[in-house]
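**Q** Sequence:
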Amino acid sequence: MNGAEWTGAKLLGMVKKGAKKIQPPPLPKRPPVTLQHMHALFANLNLANSFDAAVFAVACTSFWGCRRLGELVIPSRGGFDETKHAIAATPVNVRTLPSGVRYALFHIPWTKTTHSSGADIILTANNDPTDPVTALLHHRMLNKELPAGAPLFSFITQETPEGWAPLTRDWFLARVNGIWNTNDLAQLTGHCFRIGGATELLLRGTHPDVVATQGGWKSKAFLEYWRKIEEILPLFISDSFAQSRSQMLSNTMDDFRRRHGL
Numbered sequence: 001m002n003g004a005e006w007t008g009a010k011l012l013g014m015v016k017k018g019a020k021k022i023q024p025p026p027l028p029k030r031p032p033v034t035l036q037h038m039h040a041l042f043a044n045l046n047l048a049n050s051f052d053a054a055v056f057a058v059a060c061t062s063f064w065g066c067r068r069l070g071e072l073v074i075p076s077r078g079g080f081d082e083t084k085h086a087i088a089a090t091p092v093n094v095r096t097l098p099s100g101v102r103y104a105l106f107h108i109p110w111t112k113t114t115h116s117s118g119a120d121i122i123l124t125a126n127n128d129p130t131d132p133v134t135a136l137l138h139h140r141m142l143n144k145e146l147p148a149g150a151p152l153f154s155f156i157t158q159e160t161p162e163g164w165a166p167l168t169r170d171w172f173l174a175r176v177n178g179i180w181n182t183n184d185l186a187q188l189t190g191h192c193f194r195i196g197g198a199t200e201l202l203l204r205g206t207h208p209d210v211v212a213t214q215g216g217w218k219s220k221a222f223l224e225y226w227r228k229i230e231e232i233l234p235l236f237i238s239d240s241f242a243q244s245r246s247q248m249l250s251n252t253m254d255d256f257r258r259r260h261g262l
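In UniProt numbering, the protein residues as written are 1 to 262.
Calculated directly from the structure, the hints in this document are not laboratory data. You may find that some hints are simply not true.
List time: in silico DMTMM-like cross-link candidates among lysine to aspartate or glutamate, alpha-carbon distance up to 25 angstroms [as the list claims (entries may be wrong)]:
id, residue 1, residue 2
1, 228, 254
2, 84, 145
3, 112, 224
4, 84, 120
5, 144, 209
6, 144, 131
7, 112, 184
8, 218, 230
9, 144, 52
10, 220, 231
11, 84, 170
12, 112, 128
13, 218, 120
14, 220, 120
15, 144, 159
16, 144, 81
17, 228, 255
18, 220, 254
19, 218, 184
20, 218, 231
21, 144, 170
22, 112, 81
23, 112, 170
24, 112, 231
25, 220, 170
26, 112, 230
27, 144, 162
28, 218, 254
29, 220, 230
30, 84, 162
31, 220, 209
32, 112, 82
33, 84, 52
34, 218, 255
Just so you know, these numbers come straight off a predicted model, no measurement behind them.
Could you put the whole structure together from the sequences, leaning on the hints where they help?
**A** As structure tokens, this is what we get:
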């Protein structure tokens with residue numbers, strides 16, 4: 001200060017080293033939602049029940065659409081915001097490409113990265129029991145009596161004066177984790193759907209550009225997200241995916257990095 005020589009560098013270095021020594025060990029990496037988790041939901045949810053149909057639709061949309069849970073469900077009973085949450089009257093367009101690929105598209109009004117510009121969610125049908133297009137349309141059919149202005153993933157119930165209730169984040173997570181706990185599967189958080197879906201799509205050979213678009217990532221942001229996926233990949237790969245599959249995926253991501261100059 002005021003031209004005086006700084007003599008605290010050594011002391012500061014000692015403090016930093018000491019702080020590192022007393023830091024708690026890193027928490028174990030939480031595994032993502034896997035197909036095993038998703039199949040447990042399919043097998044144990046009562047899809048003839050309006051609540052369970054909404055839960056399954058959210059799970060399939062979040063997983064296969066690589067979406068944040070907060071983009072699909074409301075945080076609490078009183079947390080609905082029409083500027084951020086899609087409503088029951090939101091059009092869901094189902095189309096079939098000349099190649100025979102079927103997909104559904106609907107718009108959400110807000111995302112963490114685009115804010116009020118929102119995003120179009122595109123769900124591609126597949127042959128898995130957790131096909132997101134089938135799950136979404138089933139929810140829409142079973143809960144077709146919802147008021148137009150209700151949150152998109154609400155459900156019909158006789159337990160409220162209104163005859164319906166919005167699916168909240170806590171209700172959703174309590175239901176899926178209850179099933180996973182019963183089936184000796186790890187209990188997970190909402191974000192585990194997004195990273196699990198992205199990992200599953202990449203392992204299936206889906207091009208990284210497609211996965212990035214699906215989840216609303218820019219190229220650089222997706223590359224940063226890939227580093228998170230690399231960390232949990234050993235937890236994700238089961239007997240159905242050989243180690244060579246993992247190496248192929250790493251090579252694909254290296255090519256993605258080069259093509260985008262990252």
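**Q** Does the alpha-carbon distance linking residue 228 and residue 254 stay inside the 25 angstroms limit?
**A** holds, 15 angstroms
**Q** Are residue 144 and residue 52 close enough, with their CA atoms no more than 25 angstroms apart?
**A** Holds: residue 144 and residue 52 sit about 15 angstroms apart, inside 25 angstroms.
**Q** Residue 220 and residue 170: Cα distance at most 25 angstroms?
**A** violated, 32 angstroms
**Q** Has the given pair, residue 144 with residue 170, been kept, meaning a C-alpha gap of at most 25 angstroms?
**A** holds, 23 angstroms
**Q** Holds or violated: residue 144 with residue 159, Cα cutoff 25 angstroms?
**A** holds, 17 angstroms
**Q** Between the alpha carbons of residue 144 and residue 131, is the straight-line distance 25 angstroms or under?
**A** This hinted pair holds, its Cα atoms lying about 20 angstroms apart.
**Q** Residue 112 and residue 82: Cα distance at most 25 angstroms?
**A** The hint holds at about 15 angstroms.
**Q** Quick one, are residue 220 and residue 120 close enough, alpha carbons at most 25 angstroms?
**A** The hint holds at about 20 angstroms.
**Q** Given the proposed pairing of residue 220 with residue 230, does the C-alpha separation stay at or below 25 angstroms?
**A** With a Cα-Cα distance of about 16 angstroms, the restraint between residue 220 and residue 230 holds, given a limit of 25 angstroms.
**Q** Run the distance test for residue 84 versus residue 162: straight-line Cα separation, threshold 25 angstroms.
**A** holds, 22 angstroms
**Q** Regarding the pair residue 112 and residue 81, is the alpha-carbon distance no greater than 25 angstroms?
**A** holds, 14 angstroms
**Q** Compare the distance between the alpha carbons of residue 84 and residue 170 with 25 angstroms, and conclude whether the hinted pair is satisfied.
**A** holds, 18 angstroms
In this structure, the earlier hints numbered 5, 7, 12, 19, 25 are contradicted, and the remaining ones agree with it.
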